[in-house]
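Colleague: Okay, here's what each chain looks like letter by letter:
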Amino acid sequence: MNLLAHAPALAIAIPLLAAFAMPIASRVCKRLPKALSVAALAFTELLVLSLAAQAFSGKTITYALGAVSPDNVAAAGFPVRIILEIDALSALFAIASATIALLAIIYSIKFVKDGSKFFAAALLMVAGMLGMVFTGDIFSLFVFIELLTISSAALIAFYSGRGQPYEAAFKYLVVSSIAALMILLSAGLFYGQYNLLNLAALAGVLKFTFLDKIALVLLTAALAMKCGAIPLHMWVSDAYGEAPASVSAMLVVASQASLYALFRISFILFGKAPLIETIAWALIVFGVLSMFVGVSMAIMQKDIKRLMAYHAVSQTGYMLLGAGVCLAVINNPAALTAFGIKAIEGSLFHVINHTLYKSLLFLTAGAVIYRLGTRNLNEMGGLAKKMPWTAAFFVIGALAIAGLPPFNGFASKFLLYESVFLFSPILSAIAMLVSIMTLASFVKVFYAVFLGNEVKTNVKEVPLIVLAPMALIAIAIILFGLFPEIVLEAIVKPAAGALLNQTAYTGSVL
Amino acid sequence: MALIESAAGVWDPLIWAVAVTIIVAFVLVIRSFGKSGFKNRGDKTKPFFSGDVVPESPIKAGNLYWGFFESLKGYYAFLERLHSGLVNDYVYLFVLAIVVLLIAVFAGELVWA
Chain A
1 MNLLAHAPAL
11 AIAIPLLAAF
21 AMPIASRVCK
31 RLPKALSVAA
41 LAFTELLVLS
51 LAAQAFSGKT
61 ITYALGAVSP
71 DNVAAAGFPV
81 RIILEIDALS
91 ALFAIASATI
101 ALLAIIYSIK
111 FVKDGSKFFA
121 AALLMVAGML
131 GMVFTGDIFS
141 LFVFIELLTI
151 SSAALIAFYS
161 GRGQPYEAAF
171 KYLVVSSIAA
181 LMILLSAGLF
191 YGQYNLLNLA
201 ALAGVLKFTF
211 LDKIALVLLT
221 AALAMKCGAI
231 PLHMWVSDAY
241 GEAPASVSAM
251 LVVASQASLY
261 ALFRISFILF
271 GKAPLIETIA
281 WALIVFGVLS
291 MFVGVSMAIM
301 QKDIKRLMAY
311 HAVSQTGYML
321 LGAGVCLAVI
331 NNPAALTAFG
341 IKAIEGSLFH
351 VINHTLYKSL
361 LFLTAGAVIY
371 RLGTRNLNEM
381 GGLAKKMPWT
391 AAFFVIGALA
401 IAGLPPFNGF
411 ASKFLLYESV
421 FLFSPILSAI
431 AMLVSIMTLA
441 SFVKVFYAVF
451 LGNEVKTNVK
461 EVPLIVLAPM
471 ALIAIAIILF
481 GLFPEIVLEA
491 IVKPAAGALL
501 NQTAYTGSVL
Chain B
1 MALIESAAGV
11 WDPLIWAVAV
21 TIIVAFVLVI
31 RSFGKSGFKN
41 RGDKTKPFFS
51 GDVVPESPIK
61 AGNLYWGFFE
71 SLKGYYAFLE
81 RLHSGLVNDY
91 VYLFVLAIVV
101 LLIAVFAGEL
111 VWA
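Just so you know, the protein sequences line up as chains A and B, in that order. Going by this note's numbering, the first residue of the first sequence is number 1, and it counts up by one from there. Going by this note's numbering, the first residue of the second sequence is number 1, and it counts up by one from there.
Hints in this document: simulated from the structure, not taken from any laboratory. From a predicted model like this one, the values you see are computed outputs, not experimental measurements. It cannot be assumed that every hint is accurate.
BS3-like mimics (lysine-lysine), calculated; alpha carbons at most 25 Å apart, straight line [said to hold, decoys possible]:
no.	chain 1	residue 1	chain 2	residue 2
1	B	K60	B	K73
2	B	K46	A	K386
3	A	K456	B	K73
Cβ pair distances, simulated, as ranges [as the list claims (entries may be wrong)]:
no.	chain 1	residue 1	chain 2	residue 2	range
4	A	F170	B	D12	16 to 26 Å
5	A	A42	B	I59	28 to 38 Å
6	B	A17	A	N453	28 to 38 Å
7	B	F69	A	N458	46 to 56 Å
The C-beta atom is built at its ideal place from N, Cα and C for all residues, glycine as well.
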């Protein structure tokens with residue numbers, strides 16, 4: 001069997017199977033679930049990288065589940081099976097999901113004592129994320145969102161000693177289930193009219209009827225809520241705040257998977273719709289509100305995890321703004337060439353950068369909470385000498401998120417500021433103001449956690465296995481900041497091209 | 001390799017890094033002219049509080065940016081009301097967003113037409 005030919009299915013199946021093997025593994029040996037999780041995710045990472053290498057070279061990989069031959073996607077002239085479709089855009093989000101999940105699981109090894117349930121849920125979460133970015137049809141998108149929701153809720157409630165994690169998980173479950181139901185309803189609206197669920201096939205036949213517009217609104221609202229856009233962001237601070245730090249890092253990439261679905265549906269399904277300007281402006285409004293209100297809420301927080309959660313909302317706003325600006329000019333070739341393409345490139349580059357620095361910041365917060373036993377910034381202080389590596393990683397993450405050169409956050413924000421400026425100088429000015437407020441917020445955290453008087457004398461640095469994932473992410477942040485052109489050319493530009501080239505996506509299936 | 005072009009300009013982090021290295025080198029040279037016997041203790045190391053009594057307890061995270069929050073009291077009161085923590089409110093906001101988007105889509109059709 002050619003393993004690589006089945007890589008799209010295996011990338012989802014391996015974490016799924018490993019998750020169900022966890023109860024057996026924990027009976028065999030207590031350490032086996034940890035080893036099995038890391039091995040499964042490392043293998044998944046390799047599969048994703050092999051798929052990404054093909055996708056970034058311009059190939060769109062299709063895989064028909066259940067067909068005699070996996071490349072037989074339209075045997076009856078139209079797609080009838082569950083089809084996985086991987087282009088450069090899916091590959092970008094898949095790499096982010098698989099990489100951060102692997103590092104987060106390695107980071108968790110030290111914290112999670114009897115971890116079969118934890119690792120099983122984490123693996124299911126990875127299967128859900130990869131399924132969301134690989135699937136080519138809207139019903140499977142609903143199924144994978146459900147898988148992601150249930151496993152994420154279990155992980156958010158993992159620290160069950162207090163009531164708050166249960167409350168956060170419940171809120172997340174309610175909000176996510178409603179969003180998933182709206183996606184299911186949209187799938188029903190499409191299927192009822194066109195007998196199709198495949199996105200590529202739908203893009204070719206969509207007539208932009210009254211029901212299509214309803215479906216578009218439901219999808220936009222549901223996915224905006226799942227990616228944490230304001231005013232639909234309320235679950236983010238609860239879920240990110242109460243989850244273990246490694247799960248918060250995974251929730252960041254889980255939200256990015258919803259952002260992927262929002263981008264894919266907006267550009268591929270409705271890119272040529274007469275109402276696209278309205279949806280573009282909806283994304284811009286979501287983006288601006290998320291940026292400004294997110295950072296406003298972050299700066300006032302006293303809980304380090306909630307503060308970082310609001311910053312995640314704020315950073316999502318940048319991505320929505322870039323995508324909205326590109327979508328607003330998608331049918332205007334001159335404007336698209338002048339700044340629209342750069343706006344979506346900035347947005348997608350920011351997805352990568354945000355994944356890196358936000359994960360790093362959550363992991364450093366987890367290390368601090370592990371040593372001090374509190375999340376309250378007022379009860380912290382003086383850790384710079386006791387935890388120098390954690391402090392250094394925090395500074396790298398904080399400077400990156402604030403968009404200070406030469407870190408990676410600046411490179412993507414630079415593209416966004418300048419392209420958005422040509423669309424609307426006011427929006428660009430708001431984006432810059434938000435970066436200044438982000439810096440102010442992280443100056444507060446650095447002062448509160450690492451400077452001042454020591455609140456606890458017997459604190460020491462976290463173990464090497466906790467530091468190693470943080471170090472790898474920190475190195476990636478510095479390298480991506482110093483050599484942004486390599487990332488842009490190799491990953492971001494092919495992904496932006498895949499998003500804008502509707503014909504390539506639909507043509508690979510039909 | 002490091003240069004990126006935006007819609008209106010270019011950014012080269014390596015040139016920036018070289019410039020920062022030169023500036024840091026200058027700072028270190030100037031610093032080397034300082035008194036070698038400087039003792040980092042006494043009144044000169046205390047924070048300057050404009051003649052006010054220096055608070056004994058350390059300034060906590062919650063004390064920072066007091067003026068910012070005070071001047072935006074109304075805005076923050078609104079944000080706190082909005083973030084009630086009630087899941088019912090989360091669903092209300094979702095329904096509201098759908099209604100606003102529906103109005104925007106159908107009204108927008110008339111505007112863009």
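Colleague: Against each hint, give a clear statement of whether it holds in the structure.
Modeller: We went through each hint and held it up to the structure:
no., hint, in the structure
1, K60/B - K73/B, "20 Å, holds"
2, K46/B - K386/A, "24 Å, holds"
3, K456/A - K73/B, "34 Å, violated"
4, F170/A - D12/B: 16 to 26 Å, "50 Å, violated"
5, A42/A - I59/B: 28 to 38 Å, "46 Å, violated"
6, A17/B - N453/A: 28 to 38 Å, "35 Å, holds"
7, F69/B - N458/A: 46 to 56 Å, "35 Å, violated"
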